[in-house]
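S.K.: Could you build all of it, start to finish, from the sequences and the hints given here?
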Amino acid sequence: MIHIRFARETTPRSVNSRVIDFKEAPLRRSRLFLTLSLLALILCAACSALTLPPSLASNGTLATVLSRGRVICGVDGQRPGFSFQSPDGQYSGLDADYCRAIASALFDDPSQVEFKRVAQGVFTDLLKGKVDILLRDTPWTIERDAAIDFVSPVFYDGQGLLAPVNLDTTSLKNFKDKTICVRANTPAEATLKAFFKKAQIPINAVALDGENELFINFANGNCEIATANRSELAIRRQTLTNPEQYQLLKLTLSQEPIAPIVRSNESQWFDVVKWIIFGTFRAEELGVSKQNVMALSPHPDPQIRRFLGVEGVYGATLGLPNDFMKRVVHHVGNYAEIYQRNIGNPFQLPRGVNELWLNGGLICPMPFR
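Number 134 in this note's numbering belongs to position 134 of the sequence shown; there are no gaps in the numbering.
Source of the hints: derived by calculation from the structure; they are not laboratory data.
What you were told as hints is all true, and nothing was included just to trick you.
Simulated restraints, written as ranges between beta carbons of each label pair: (1) Gln268 <-> Thr170: 43 to 53 Å; (2) Lys130 <-> Gln78: 13 to 23 Å; (3) Thr241 <-> Asn185: 25 to 35 Å; (4) Asp177 <-> Met294: 57 to 67 Å; (5) Ala205 <-> Asn292: 44 to 54 Å; (6) Leu167 <-> Asp108: 42 to 52 Å; (7) Asp145 <-> Lys197: 27 to 37 Å; (8) Ser67 <-> Thr191: 41 to 51 Å; (9) Asp108 <-> Asn204: 51 to 61 Å; (10) Gln245 <-> Lys290: 31 to 41 Å; (11) Glu114 <-> Thr186: 24 to 34 Å; (12) Ser111 <-> Lys176: 46 to 56 Å; (13) Asp168 <-> Pro243: 12 to 22 Å; (14) Leu251 <-> Ala63: 41 to 51 Å.
Being a predicted model, the structure only gives us computed values, none of them experimental.
Even glycine gets a Cβ: it sits at the ideal position worked out from N, Cα and C.
M.R.: If you want it as C-alpha cells, here you go:
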C-alpha cells in the first residue's frame with residue numbers, strides 16, 4: 001500500500017505572504033503530472049497483477065460459493081493420507097475430508113466439492129480466485145502469512161527420523177557418526193545440521209535430490225536413518241518391503257503446523273472455515289460422532305444442543321444454517337474420526353501432538369457460545 005503524506009505548515013501565513021512565480025508554474029505542473037502518473041502506474045500494476053473475478057470482488061467468497069453451488073478446493077492430489085486421487089478420480093485424505101466438511105456445512109452435501117490440484121507453495125490460483133481455499137501440506141510461517149491467511153491448524157507435523165527397529169536410539173549420543181539421508185537444499189537439511197550441531201553430536205548428513213532418491217537410498221541401506229516430515233516418513237514406511245522393521249522415532253526436530261489457507265481480508269469466509277474446523281475438534285470433545293449425531297438433537301445437555309443448532313443462532317451469525325455442525329459431523333465425522341480414517345489407521349501414525357488438549361495434545365476448539 002502506498003501512503004502519501006502531506007506536510008502541514010505550523011506557522012500561519014497570509015494569502016499575500018507568498019509571491020507566485022508564474023514562469024515556474026508550467027515546470028511545477030509538469031513535475032506534478034509526472035509524479036501522479038508514476039503513482040497511477042504503480043497502483044494499476046499492483047491492482048491488475050492479481051485481479052479477482054467480479055463476483056468475488058463485489059460479493060466475497062462465501063456468497064460466490066453459495067451462488068455457484070460448490071466449493072473449489074486447491075489440494076496436492078498426490079499425497080496419501082492428505083489428498084490423493086485414485087485411478088477412478090476419487091479423492092481421499094484429511095485435506096480432502098475438510099473440503100467435504102465445508103461443502104457439508106454449506107450445502108448438506110459432501111459431494112459439492114471441485115478438487116483442483118495445486119503445486120506446493122504456489123498461491124496464485126488462490127489469489128486470483130481460481131480456488132476458494134487451499135488445503136495441502138503448507139506449513140504456517142510468518143513469511144507466508146504476510147500475503148495470505150492461514151485459518152487454524154488441522155495437523156501438526158514436524159521433522160522426524162525413521163530408523164531400523166534394531167538401531168539403538170534410546171540416547172541422543174547414539175546418533176554419533178550415524179549416516180542420515182535428507183533432501184538437499186531444503187529447510188530439513190538446515191534443521192538436521194543445526195539440531196545435531198547444537199547437541200554437539202557429529203553426524204554424516206547425506207544430501208539427496210528429491211524424496212524418491214532419499215527413500216531409495218534409505219531402503220538400499222546407503223544411510224542408517226532417513227529424515228523428513230513425520231507424516232511423510234509414516235507414509236513412506238508403508239511402501240518399504242518390511243515396514244514393521246522400521247520405527248518412527250519420537251524425537252522431533254521441528255514443528256510444522258499445517259492449516260487451510262484463504263485470501264487475506266475475507267473475514268466472513270475466514271470465520272466460516274475456522275468454525276467448521278473448530279467444530280470438528282469440539283465434536284470429538286463432546287463425544288459427538290458420525291454414529292450418534294442424528295440421535296443427539298433432543299439431548300438435554302445445553303452444550304450439545306447449542307453445538308447441533310437446536311438452541312441459539314450461532315450458525316446464522318456466520319451466514320450458515322444453525323445446524324451446520326450437525327451436517328458436518330453426519331457426513332464427515334469429528335476430528336478423531338477424520339484423523340484415524342485417513343492417517344492413523346492406514347499409516348500407523350499415533351496422534352501425538354494431534355491429540356485433543358484434554359489428552360495433552362495441541363488440538364483445541366474455541367467455545368461454542
